Amino acid sequence: MTPENHAASQDAAVIETDAVIIGAGPCGLFAVFELGLLDIKAHVVDILDRAGGQCAELYPEKPIYDVPALPVVTGQELTSRLMEQIKPFNPVFHFSERIDALGREADGRFRLASDDGKVFLTKIVVIAAGGGSFTPKRPPLEGIESYEGTSVFYAVRRIEAFRGRDIVIVGGGDSALDWTLNLQPVAKSLTLIHRRDDFRAAPHSVEKMRALVADEKIRLLIGQVTTLAGDGKTLSGVKVKSANNEELVVCNALLPFFGLTMKLGPVADWGLNLHENLIPVDTERFETSEKGIFAIGDINHYPGKLKLILSGFHEAALMAQAAHKIVYPDKKLLFQYTTSSSSLQKKLGVK
Amino acid sequence: MAKITFIQPDGAAQTVDAEIGLTVMEAAKLNDVAGIEAECGGACACATCHVYVDEIWRAASGKPADMEEDMLDFAFDVRPESRLSCQIKVTAALDGLVVRVPGKQF
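Chain order of the listed sequences is A and B.
Our numbering numbers the first residue of the first sequence as 201 and each following residue consecutively.
Our numbering numbers the first residue of the second sequence as 647 and each following residue consecutively.
Hints listed in this document are in silico derivations from the structure and should not be mistaken for laboratory results.
Model, not experiment: these values are computed from the prediction.
Ideal placement from N, C-alpha and C gives every residue a C-beta, glycine not left out.
Heads up, some of the hints might be wrong.
[Unchecked claim] Pairs of lysine-lysine, DSSO-like flavour, derived with a Cα cap of 27 Å:
{"id": "1", "chain 1": "A", "residue 1": "262", "chain 2": "B", "residue 2": "735"}
{"id": "2", "chain 1": "A", "residue 1": "337", "chain 2": "B", "residue 2": "675"}
{"id": "3", "chain 1": "B", "residue 1": "735", "chain 2": "A", "residue 2": "507"}
{"id": "4", "chain 1": "A", "residue 1": "441", "chain 2": "A", "residue 2": "417"}
{"id": "5", "chain 1": "A", "residue 1": "551", "chain 2": "B", "residue 2": "675"}
[What the hints assert, rightly or not] Reference listing, derived: stretches of chain A covered by chain B, where coverage requires no fewer than 3 residues with Cβ under 8 Å from a Cβ of chain B:
{"id": "6", "stretch": "331 to 340"}
{"id": "7", "stretch": "430 to 440"}
{"id": "8", "stretch": "453 to 463"}
{"id": "9", "stretch": "512 to 525"}
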């Protein structure tokens, strides 16, 4: 590829848009709606592999009782209804991706880069990242940080990287079981450690795992990891406490699967003013300390803030009004109701 | 009201008055008990309100339901007396309950 071609293909990879919304939870989704009514096109980026944010990840089946006009709705239903409501605006979703870098261009737009190598050029940014991005939980084992990336892994990017290694997998859910089944063929040895002889994972994976144990292809150990052994870079084993025994399991690769937790993540490095891991905003525009970057929902902070879905919806509506001034600086914004405005109804596809 | 005592890993004890019908997690949060994080707000979805129920209170406070048992997989140093405090309802029968806060929540 000639340098010119290379530059051209790089340009082609840049996504130009009016708005990038970070977070596909209820507030991020409703922001698509409010921006859409004002002709502002949005791309939505989320670290999870589907829409809904905490509603999808933490409580999809649990009832919510304080969304106006919906006496009871589950996290999943609320997400599905929001997805239906925003359909007319054709948002583009980028799932399983995280925005890592944010900078301002000479023309005033923002350049955002995702961990997947995507680049966005956008007029405004809406941070609707809730409690932060979902990241794998780190077991509170002493010294674990120093082994991360060399001997301790929270995800598998390349199976080949585990060929010939002595692997310990910890956990009883689908991630733990799936990786047990997938890594067993390449591992020198594989031990699955779980605190009880009961697994949350899909029954057919559990059956396959038990068959491997019966064939002595892998070992299942019921217990909990208490200590890491190694030189601080390379792991040599883990100490495991079981009901009436403690033993050292030799390994040089450890994969703990203890679910996800929320961490503020890269947002902390974007030069925005922060207040105890929250982003202060004004209550007229819900704009951060940086013009053109807005923050709505659980991640923002202002006097009287309540972390409620309904508050996030209100914030999205006011944010959109302010965003319009940036995206269409020369256009006068006429306030209209969806009930009576034929132009809004046209956008919604109901007229 | 029921009295609930939270014992920290260093042995420090804090006794709080808990309204009947609340959860033990809510009683802890209302009284700023250290070490009870309750990241998910009581949805049995995070395992950061993990406690050890004192031996003599184990029968009265009951056993974890399946969902809670599943979620305990995400806690650290789980023991037979482990519970998620958001899943223990305060009742008159639990007046005097003693729970221990683990050294580490996830």
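Comparing the hints with the structure gives:
Pair hint residue 262 of chain A plus residue 735 of chain B holds up; C-alpha atoms about 18 Å apart against a cutoff of 27 Å. Pair hint residue 337 of chain A plus residue 675 of chain B holds up; C-alpha atoms about 22 Å apart against a cutoff of 27 Å. With a C-alpha separation of about 24 Å, the suggested pairing of residue 735 of chain B with residue 507 of chain A holds against the 27 Å cut-off. Proposed proximity of residue 441 of chain A and residue 417 of chain A is supported: the alpha carbons are some 22 Å apart, at most 27 Å.
This hinted pair does not check out: residue 551 of chain A and residue 675 of chain B have alpha carbons roughly 51 Å apart, beyond 27 Å. For the stretch 331 to 340 of chain A, the assignment as covered by chain B holds, since 5 residues bring a beta-carbon within under 8 Å of that chain's beta-carbons and 3 suffice. With 0 residues having a Cβ less than 8 Å from any Cβ of chain B, the stretch 430 to 440 of chain A misses the three-residue criterion, and the hint is violated. Here the stretch 453 to 463 of chain A counts 4 residues with a CB under 8 Å from a CB of chain B, which clears the bar of 3, and the coverage holds.
Against chain B, the stretch 512 to 525 of chain A contributes 0 residues with a C-beta closer than 8 Å to a partner C-beta. That does not satisfy the three-residue criterion, and the hint is violated.
When held up to the earlier numbered hints, the structure conflicts with 5, 7 and 9 and fits the remainder.
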